[in-house]
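Colleague: Chain G is already provided as a structure; the job is to place chain H on it using the hints.
Residue numbers (our numbering), protein chains in the order written: chain G, 28 to 124; chain H, 22 to 404.
It is possible that part of the hints are untrue.
These stretches of chain G come out as covered by chain H in the derived footprint (C-beta under 8 Å, 3 or more residues) [as the list claims (entries may be wrong)]:
#	stretch
1	74-82
2	94-107
The list that follows gives simulated cross-link-like pairs (lysine to any residue, SDA-like), each with its CA atoms no further than 20 Å apart [to be verified]:
#	chain 1	residue 1	chain 2	residue 2
3	G	K46	H	H359
4	G	K46	H	R107
5	G	K46	H	E68
6	G	K83	H	E176
7	G	K46	H	A207
Hints in this document: simulated from the structure, not taken from any laboratory.
Each residue gets a CB set at the ideal place from its N, CA and C atoms; glycine is no exception.
Here is how the chains run, residue by residue.
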Amino acid sequence: MNARKALLLLALAGCGDEKAYDNNDAELAVRQKAKETCSCLFVMELSEAQCTAWTKVTPNVAKATIDWEAKRVQATALGLWAARARFDGRAGCVIDD
Amino acid sequence: MLRPISLSCAALCLLASAEAAAACPTDVVWPEPAWAEAPLPGGPAVEAFEEYLFTLVGADEERLGIRTDGVVVVHRGRIIYERYGRGFAQRNRHLAWSVSKSVLSAMVGVAVLRGDLTVEDSICDHYPQDGEICDVTVGDLLDWGSGLDWNEGYEDEPYYLSSVIAMLYGVGSVDMAAFVAGHGRAHRPGTMHRYSSGDSVLLSAVLAGALGPGLADSYPWELVFDPIGMESAVFERDQAGTFVGSSSVYATPRDLARFGYLFLRDGCWEGERILPEGWVAASTTPNPSFLAQPSPDWERDRGAVPGRHWWLNAPVPELMHESRWQTAPPDTFAALGHWGQTIFVIPSADLVLVRTADDRETGVFDRERYLELALALAAEDGP
Numbered sequence: 028m029n030a031r032k033a034l035l036l037l038a039l040a041g042c043g044d045e046k047a048y049d050n051n052d053a054e055l056a057v058r059q060k061a062k063e064t065c066s067c068l069f070v071m072e073l074s075e076a077q078c079t080a081w082t083k084v085t086p087n088v089a090k091a092t093i094d095w096e097a098k099r100v101q102a103t104a105l106g107l108w109a110a111r112a113r114f115d116g117r118a119g120c121v122i123d124d
Numbered sequence: 022m023l024r025p026i027s028l029s030c031a032a033l034c035l036l037a038s039a040e041a042a043a044a045c046p047t048d049v050v051w052p053e054p055a056w057a058e059a060p061l062p063g064g065p066a067v068e069a070f071e072e073y074l075f076t077l078v079g080a081d082e083e084r085l086g087i088r089t090d091g092v093v094v095v096h097r098g099r100i101i102y103e104r105y106g107r108g109f110a111q112r113n114r115h116l117a118w119s120v121s122k123s124v125l126s127a128m129v130g131v132a133v134l135r136g137d138l139t140v141e142d143s144i145c146d147h148y149p150q151d152g153e154i155c156d157v158t159v160g161d162l163l164d165w166g167s168g169l170d171w172n173e174g175y176e177d178e179p180y181y182l183s184s185v186i187a188m189l190y191g192v193g194s195v196d197m198a199a200f201v202a203g204h205g206r207a208h209r210p211g212t213m214h215r216y217s218s219g220d221s222v223l224l225s226a227v228l229a230g231a232l233g234p235g236l237a238d239s240y241p242w243e244l245v246f247d248p249i250g251m252e253s254a255v256f257e258r259d260q261a262g263t264f265v266g267s268s269s270v271y272a273t274p275r276d277l278a279r280f281g282y283l284f285l286r287d288g289c290w291e292g293e294r295i296l297p298e299g300w301v302a303a304s305t306t307p308n309p310s311f312l313a314q315p316s317p318d319w320e321r322d323r324g325a326v327p328g329r330h331w332w333l334n335a336p337v338p339e340l341m342h343e344s345r346w347q348t349a350p351p352d353t354f355a356a357l358g359h360w361g362q363t364i365f366v367i368p369s370a371d372l373v374l375v376r377t378a379d380d381r382e383t384g385v386f387d388r389e390r391y392l393e394l395a396l397a398l399a400a401e402d403g404p
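Isolated chain G (complex conformation) (with noise of 0.2 Å):
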């Protein structure tokens, strides 16, 4: 892990004594990102625009980009964090990891 990654992870990471969950919110956005645009794109079958509407979180700090042809979506966050999603017929959406 380098420095940066690091840095990041302390402050997206949360801190204090009730249970937390082993992820940070740059890694949760990149997931919900990639598999969220993929069902809203090819289960939905919505707009390009209107997804990016639709997976709006915050932080908003994840981009995503389609292979419309594979029907697969790869989303990015801060050069650091990737996910992957792919479409499968009737079953949907599913984090590709």
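Modeller: Here is chain H on its own, set in the frame of chain G:
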């Protein structure tokens, strides 16, 4: 001490309901091959309904106010009102969010009718685990009463604390059911209601195990979607192949109305029984875990009453609770999902109401007002 009492109540409710259940109705309209349509002409009730549901405020990116994407109103088996907004059309599937939980409950019902499982079965009968949570039953999961330690939080609290977000997008997303089952125990099963998307996902895995590998990939369609003609239905899975029963059904509003209509007609379709006798009655009765102890969240909000993966308008005198939606009859029940997804079923009005939406502003949509306006709409169609 509460556990045997809860189980007995569940069994008795189902038996009593089964005795009271009538045969499948034969003198009703079925939406086969398609919905009959009897659109209402314009009038004050239609205008008031539309003004409430389809008046947008602010710029779209501000996500303010009521943001309706689709509405289908089915009265006496015919669509009397249908409209779409915000770029949606009749052909677009919509994410149902937690309406999916009610859909899943129907799949469990069909499996019970087939003899694949019972509500009294231990989850470990069908989803092998170590012994720690084997006292959880299928019925406990249907009641959101597993007792597993779960934080049902969404966007309004830190993501790292939310069990749901961890399950859908984080550390739990590869194998969601295993993630849920790995949570510690907060209560003994059946002794307290605690709304949990985790219970619903675990139920999906238990159901798949009961049905066996031959149906594990196809049961939503084999058991429910195909028999009632939900041709648009999509049901997403996690990477382990478990259907995400908490939140991942997509369908058009017209097909979601088919699902509501199945419950309006007591689990029958075209005169044939799809769900066991008494299943709808048990689904729409305050559940045993809730009656044993409502969750603190429910005590705070005094919202709709949980049935078995459904939400009820029924009063609960023992909790000094009146109907949540005062403008609607007490027999009203609903499948409710995030951002305003709803299917309301009102048997005494012969009415199914489907609304898909993108309400991001918390609390802006007034379900009581919506029900009042919808009932006025149906009244214009006659009794």
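Colleague: Which of the listed hints are broken here?
Modeller: 2, 3, 4, 5
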